[in-house]
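**Student:** So you can see what is in the structure, the chains are spelled out below.
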Amino acid sequence: MCGIVGLFSKTPEIEESLGEHLAAMLGQMSDRGPDSAGVAVYRDPAPAGSSKLTLWSVDRLQDWDALCGELRNAFGGAPEATVRSSHAVVIVGADAPEAEAWMRQAHPEIRIMSAGRTIEIYKETGRPEEFVRQFALHELRGSHALGHTRMATESRVTTEGSHPFSTGFDLCLVHNGSLSNHNRLRASLRREGIEFQTENDTEVAAGYLAWRLREGASLEQALEGCLDDLDGFYTFLVGTEDGFAVLRDPIACKPAVLAETDDWVAMASEWRAIATLPGAAEARSWEPVPGVVYAWERAKV
Amino acid sequence: MEAAEATAVEVVDLATTPLRELNQRLHDLAVSPGPRQWRVLNPNGAHAVACGLDADVQVEVEGHVGYYCAGMNKRATVRVLGNASTGIAENLMS
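Chains as they are written, first to last, in my numbering: chain S, 1 to 301; chain W, 1001 to 1094.
Worth flagging that the hints you see were computed from the coordinates, not collected in a lab.
Values in this document were obtained by computation on a predicted structure and should not be read as measured data.
Just so it is clear, CB atoms sit at the ideal spot from N, CA and C, and this is done for glycine as well.
One or more of the hints may lead you astray.
[To be verified] Derived, one-sided and incomplete: chain S residues facing chain W with beta-carbon distance under 10 Å: (1) 31; (2) 270; (3) 271; (4) 273; (5) 276.
[Unchecked claim] For each label pair, taking beta carbons as the anchor points, the in silico distance ranges come out as: (6) 130/S <-> 1093/W: 35 to 43 Å; (7) 250/S <-> 1041/W: 50 to 58 Å; (8) 1087/W <-> 227/S: 22 to 30 Å.
[As the list claims (entries may be wrong)] Cβ-to-Cβ under 7 Å is the rule here; a few derived chain W residues that face chain S: (9) 1030; (10) 1032; (11) 1044.
The task is simple: from the sequences and hints, build the whole structure.
**Tutor:** What follows is the structure, encoded as structure tokens:
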């Protein structure tokens, strides 16, 4: 089934308690997806000239300090790893493309969950309540966040197969539904130079968006492209550096609810996740229309 | 006495009472007498609220419900003062 949640803050108070609210929303979606959980939190921008990587290691005894030493030798500065369970967030003294390229080359055994300026992606197998506890989600402050609880249907239950999938710098996707043409599409996208790490259908949608964006489409155009090029049913929630976007397939088999107050914008698969938020009872709430892209972004000052 | 019983409303707050307890009490009405009017508070999008009723009673739910509210209903009247989702009043028995 899968469950999706998203929260975009409009006030400092909501930013301060973003992680707490995200944890409560994710908990409500646990029934929809007991296999795995994951979040993308946008927070703590990396200083100019540097970028942020979120890394996952299978090795529970991964020496993150040693890695920071290597990064210091390569790029200077004083990189530190903020460790959360099996993941570590590292600020690298280089821009995102360079940092990512270095990591892939120097440590192919370490999985890059996300790269960019503000995004942090954490995802893991196991029950959502356990995930929330393991990653101390309630501690995190940030401007906006997406979350996902997984009921795997098309591919195995693995850490890499969990959502969100990162499609580009500060970009990510969560998905409720299943795609039917993902094998064929994966092959075409590979020919376009897009790489895939898993057999997951959602990763194909993420790769599709990355490809369209690379070829010059806006996020809205790339999402509208999904209506023509993806076969299957989906509610998508896409995270960007500045906000998020929602799209349901034209038949809208999969649920989605949107709600907005003066303090926040929220999206979830079910109202009961949004009901946990302060002021939910007075929120303007609606179901997104099938085949229409809804997007929110923070104005650039 | 009869007039008072007819107008007395049983209030159940789902913020403090488990949904299972509410539904069980409503099911019990099929076999033993109880309140005829019910008010359910703070559904907060819960699923399967007031399902499987089999008694001539009235249930008013104040707020939004989730899926399958009032499913498998026989003889009762259920009113939702809010939004309802998939399967509202599905599988009506009468």
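**Student:** Now tell me if each hint is right for this structure.
**Tutor:** Status of the hints after comparison with the structure:
Against a cut-off of 10 Å between C-beta atoms, the interface hint on residue 31/S holds, since the closest Cβ of chain W lies about 9 Å away. Interface hint at residue 270/S: satisfied, since its Cβ lies 6 Å from the closest Cβ of chain W, which is below the 10 Å cut-off. Given hint, residue 271/S at the interface with chain W, holds; its Cβ is 4 Å from that chain's nearest Cβ, closer than 10 Å. The restraint placing residue 273/S at the interface with chain W holds, with a minimum CB-CB distance near 8 Å, inside the 10 Å limit.
Because the smallest distance between the Cβ of residue 276/S and any Cβ of chain W comes to about 8 Å, under 10 Å, the interface hint for this residue holds. Evaluation of the 35 to 43 Å hint for residue 130/S and residue 1093/W yields a pass: the beta carbon distance comes to about 40 Å. At about 38 Å, the beta-carbon gap between residue 250/S and residue 1041/W misses the expected band of 50 to 58 Å. At roughly 27 Å, the beta-carbon separation of residue 1087/W and residue 227/S lies within the given 22 to 30 Å, and the hint holds.
This hint is violated: residue 1030/W has a C-beta 28 Å from the nearest C-beta of chain S, more than the 7 Å allowed. About 31 Å separates the beta-carbon of residue 1032/W from the nearest beta-carbon of chain S, more than 7 Å, and the hint is not met. At a threshold of 7 Å, the smallest CB-CB gap from residue 1044/W to chain S is about 4 Å, leaving the interface hint in force.
Violated hints, in rising order: 7, 9, 10; the structure is consistent with all others.
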